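Throw the hints in and build the complete structure from the sequences for me.
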Amino acid sequence: MRIEHIAKSFGPITALRDVNLHLRKGEVLGLLGDNGAGKSTLVKIICGFHKQDSGTMWLKGEPYAPKSVDDARAHGIDTVYQDLALVDQLTVYHNLFLRRERVFKPIPFL
Numbered sequence: 001m002r003i004e005h006i007a008k009s010f011g012p013i014t015a016l017r018d019v020n021l022h023l024r025k026g027e028v029l030g031l032l033g034d035n036g037a038g039k040s041t042l043v044k045i046i047c048g049f050h051k052q053d054s055g056t057m058w059l060k061g062e063p064y065a066p067k068s069v070d071d072a073r074a075h076g077i078d079t080v081y082q083d084l085a086l087v088d089q090l091t092v093y094h095n096l097f098l099r100r101e102r103v104f105k106p107i108p109f110l
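Here our numbering is used: position 8 in the sequence shown is 8, and no number is missing along the way.
By construction, these hints were calculated from the structure, which means they are not laboratory data.
Note that the coordinates shown come from a computational prediction; the quantities given were computed from them, not determined experimentally.
Glycine is no exception: its CB is placed at the ideal position from the N, C-alpha and C atoms.
Errors might be hidden in some of the hints.
Okay, derived cross-link-like pairs now, PhoX-like style, lysine-lysine, Cα gap no bigger than 20 Å in a straight line [unchecked claim]:
no.	residue 1	residue 2
1	K67	K51
2	K60	K25
3	K51	K39
4	K44	K67
Across the chosen pairs, the derived CB separations fall in these ranges [claimed, not checked]:
no.	residue 1	residue 2	range
5	P12	G33	14 to 24 Å
6	G76	N20	32 to 42 Å
7	N20	L90	17 to 27 Å
8	D18	P63	30 to 40 Å
9	L32	H5	15 to 25 Å
As structure tokens, then:
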């Protein structure tokens, strides 16, 4: 994934200004910063929750602009939020797929 010149504001508050990032396949990245530094905003843009005001994202060499969280998931991008969104009684695997189970409509009988 490559992110170039991403910017995001909420009214008069600038959350992100000219953010650039290049994440290669197999790489692990730690995103660190003070409260209010824009870490969550950047993740939410990547995951389709927010739309950036400007800038470009690339995924596997193609332009990437998710229209929604579901669109990002269809591209293999998702977020697992920390502590309060996890269920202690579930395994890591089950927490990852919580609320993402496939639901099938019942087949009506003739």
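Between D18 and P63, does the beta-carbon spacing fit 30 to 40 Å? 19 Å, violated
Holds or violated: 14 to 24 Å for the Cβ distance of P12 and G33? Holds, at about 21 Å.
Regarding the pair K60 and K25, is the alpha-carbon distance no greater than 20 Å? This hinted pair holds, its Cα atoms lying about 9 Å apart.
Looking only at beta-carbon atoms, does the pair L32, H5 fall within the given range of 15 to 25 Å? 21 Å, holds
Check the following: the C-beta atoms of N20 and L90 are separated by a distance inside 17 to 27 Å. 36 Å Cβ-Cβ, so the 17 to 27 Å window is violated.
Starting from K51, check that the Cα of K39 is at most 20 Å away, please. Roughly 15 Å between the alpha carbons, so the hint for K51 and K39 holds.
Holds or violated: are the alpha carbons of K67 and K51 at most 20 Å from each other? 8 Å, holds
Please work out if K44 and K67 have their alpha carbons no farther apart than 20 Å. 12 Å, holds
If you check the beta carbons of G76 and N20, does the distance land in 32 to 42 Å? At 22 Å between Cβs, range violated.
Violated hints for the displayed structure, listed by number in ascending order: 6, 7, 8.
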